[in-house]
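Engineer: Between the sequences and the hints, there should be enough to build the whole structure, so can you do that?
Just so you know, the protein sequences line up as chains A and B, in that order. The working numbering numbers the first residue of the first sequence as 6 and each following residue consecutively. The working numbering numbers the first residue of the second sequence as 6 and each following residue consecutively.
Hints were generated in silico from the structure; no laboratory data involved. Hints are not guaranteed to be accurate.
Repeated chains share a single entry, so a pair holds when one copy, or any two copies, can fit it.
[Unchecked claim] Simulated pairs of lysine to any residue, SDA-like, Cα-Cα distance not exceeding 25 Å:
1. Lys262 - His213
2. Lys195 - Gly181
3. Lys51 - Met6
4. Lys31 - Gln10
Number of protein chains: 2
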Amino acid sequence: MLPPQVRSVLEELRAERIRGASWMAKRGAEAYLILANLLEGEDLEKALLELKRELPAVNPTMASLYNLTRFIPITGDASLVISRAEEFLHLIDEAKKTIGNIGSELIEDGDTVITHSFSSAVFEVLRTARSRGVDFKVILTESAPDYEGIVLASELEKLGIEFELITDAQLGLFAGRSTLALVGADNITKDGAVINKAGTYLLALACHDNGVPFYVTAESFKLHPELRSSEVEILERPYARQGYRVRNFLFDVTPWKYIRGIITELGILVPPREI
Amino acid sequence: MLPPQVRSVLEELRAERIRGASWMAKRGAEAYLILANLLEGEDLEKALLELKRELPAVNPTMASLYNLTRFIPITGDASLVISRAEEFLHLIDEAKKTIGNIGSELIEDGDTVITHSFSSAVFEVLRTARSRGVDFKVILTESAPDYEGIVLASELEKLGIEFELITDAQLGLFAGRSTLALVGADNITKDGAVINKAGTYLLALACHDNGVPFYVTAESFKLHPELRSSEVEILERPYARQGYRVRNFLFDVTPWKYIRGIITELGILVPPREI
Chain A
6 MLPPQVRSVL EELRAERIRG ASWMAKRGAE AYLILANLLE GEDLEKALLE
56 LKRELPAVNP TMASLYNLTR FIPITGDASL VISRAEEFLH LIDEAKKTIG
106 NIGSELIEDG DTVITHSFSS AVFEVLRTAR SRGVDFKVIL TESAPDYEGI
156 VLASELEKLG IEFELITDAQ LGLFAGRSTL ALVGADNITK DGAVINKAGT
206 YLLALACHDN GVPFYVTAES FKLHPELRSS EVEILERPYA RQGYRVRNFL
256 FDVTPWKYIR GIITELGILV PPREI
Chain B
6 MLPPQVRSVL EELRAERIRG ASWMAKRGAE AYLILANLLE GEDLEKALLE
56 LKRELPAVNP TMASLYNLTR FIPITGDASL VISRAEEFLH LIDEAKKTIG
106 NIGSELIEDG DTVITHSFSS AVFEVLRTAR SRGVDFKVIL TESAPDYEGI
156 VLASELEKLG IEFELITDAQ LGLFAGRSTL ALVGADNITK DGAVINKAGT
206 YLLALACHDN GVPFYVTAES FKLHPELRSS EVEILERPYA RQGYRVRNFL
256 FDVTPWKYIR GIITELGILV PPREI
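Structural biologist: Shown next, in the form of structure tokens:
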């Protein structure tokens with residue numbers, strides 16, 4: 006039996022609509038901290054087993070939740086759980102900073118960077134490039150129907166980064182006016198496909214057609230060690246407009262061949278030649 | 006000086022947000038009828054010259070308005086203007102019916118037809134296929150920010166055609182689940198590119214990547230005899246969300262090479278081999 010404090014974190018994760026996989030992993034790790042501060046011994050062990058089932062089920066396409074549950078041992082030793090959860094939280098922060106540094110090297114004066122949805126790792130890259138004094142511009146989608154693009158716009162505004170918001174359907178029109186594409190990832194499959202906010206695949210195709218390099222940022226805990234792109238189950242959330250049900254699958258699948266590189270904290274992964 | 010009755014049609018055309026190039030051409034032809042019923046002789050001639058400038062300027066990417074103004078002679082003979090305008094209106098209706106017949110032959114039992122935005126010619130194809138008893142399904146986008154996809158959904162509902170609405174960003178995800186793509190056109194350039202609602206190019210790319218045949222419906226008066234795709238000026242309408250300006254270019258450009266065929270009332274145009 007999970008304590009109500011942990012249940013409420015699970016509910017919060019299920020209800021979250023704007024923030025991505027890194028934030029989810031962070032809140033997940035915090036759920037472990039809460040759990041290990043409440044229980045110990047056999048009770049803790051049972052609760053850990055339950056969390057190991059329930060946490061990845063919040064979003065089955067999210068590798069970060071899956072990898073988090075593998076990172077924490079099933080044990081009655083509360084202090085061990087706490088130290089592992091804290092280590093995971095530390096890794097998340099460190100990975101993002103390193104990705105910001107590596108990714109910002111790709112942005113040069115005069116660049117126009119196009120993105121889709123709100124990735125905290127992409128934001129870190131843009132923030133780092135800005136703090137290095139690089140003079141660039143961002144094109145970003147409003148990202149219907151939850152409009153997390155508007156949230157990103159307000160963050161860019163605070164940093165004084167020049168930006169242009171577009172509707173999602175204009176991704177093709179604006180890809181050709183960009184010099185670099187940068188998106189986040191919820192999950193990287195075993196065969197190198199990027200699972201990210203629906204529309205990412207369209208941006209990748211338009212970049213490919215226009216010769217614009219398409220990069221993905223992903224902390225290494227987003228690499229799923231087992232899942233193949235053909236096995237991905239895509240989460241759907243209810244959405245309606247003017248009384249009509251509108252399908253609302255959150256993610257799409259971008260094949261390896263359209264990706265110039267995946268920026269991780271360990272370096273940039275590039276697709277093998279034969280693809 | 007254009008009479009106020011004609012001015013108000015121009016205003017109506019400028020304000021229209023849902024209906025496409027065929028409807029615009031029809032209202033344009035009706036403006037000529039109004040004009041020729043009010044004026045004659047030199048006054049008519051001067052007003053015709055003014056309309057020839059103003060009508061295409063309502064939407065410079067719309068070949069149908071341009072071709073309409075070339076179809077009507079500059080003359081003081083009101084009865085000639087009326088007969089030509091009526092001929093144009095007749096051609097519009099006939100062309101749509103013929104496109105409905107030709108296009109419906111492409112749809113077979115079990116097909117899933119994907120479309121974007123609301124094209125009256127695509128609707129005619131679907132209506133004709135349905136009246137022939139073909140058993141198929143339609144996937145359509147809501148088409149933000151004016152949501153003309155919702156209008157199409159309500160029309161399909163009336164005809165009992167099965168459909169699934171999606172957000173625009175899911176075009177890539179659903180292209181792979183479709184067997185045929187059908188879109189309208191506002192304009193076909195001299196070099197064969199299709200100018201249509203922004204997002205059409207993304208659908209074409211996703212269909213190409215998934216091996217799904219991508220067809221365009223276009224009455225022959227949408228073929229622009231002079232304009233090249235590189236010269237297209239794309240109309241933008243104001244749009245904002247949560248206080249932020251969002252770019253809202255209405256159209257994008259789909260190159261000839263991604264198009265399996267353009268269904269016109271004269272037959273299906275196919276791209277030359279060398280493309």
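Engineer: Now tell me, hint by hint, if it's right for this structure.
Structural biologist: Hints versus structure:
Both within a single protomer and between protomers do Lys262 and His213 lie at most 25 Å apart by alpha-carbon distance, with minima of 9 Å and 15 Å respectively. Taking the closest pair of Cα atoms, Lys195 and Gly181 come within 25 Å of each other only across two copies (21 Å); inside a single copy the shortest separation is 30 Å, beyond that limit. Within a single copy, Lys51 and Met6 get their C-alpha atoms as close as 7 Å, which meets the 25 Å cut-off; across copies the closest is 85 Å, which misses it. For the homomeric pair Lys31 and Gln10, the shortest alpha-carbon distance inside one copy (16 Å) is at most 25 Å, but the shortest distance between copies (64 Å) is not.
Checked against the numbered hints above, the structure violates none of them.
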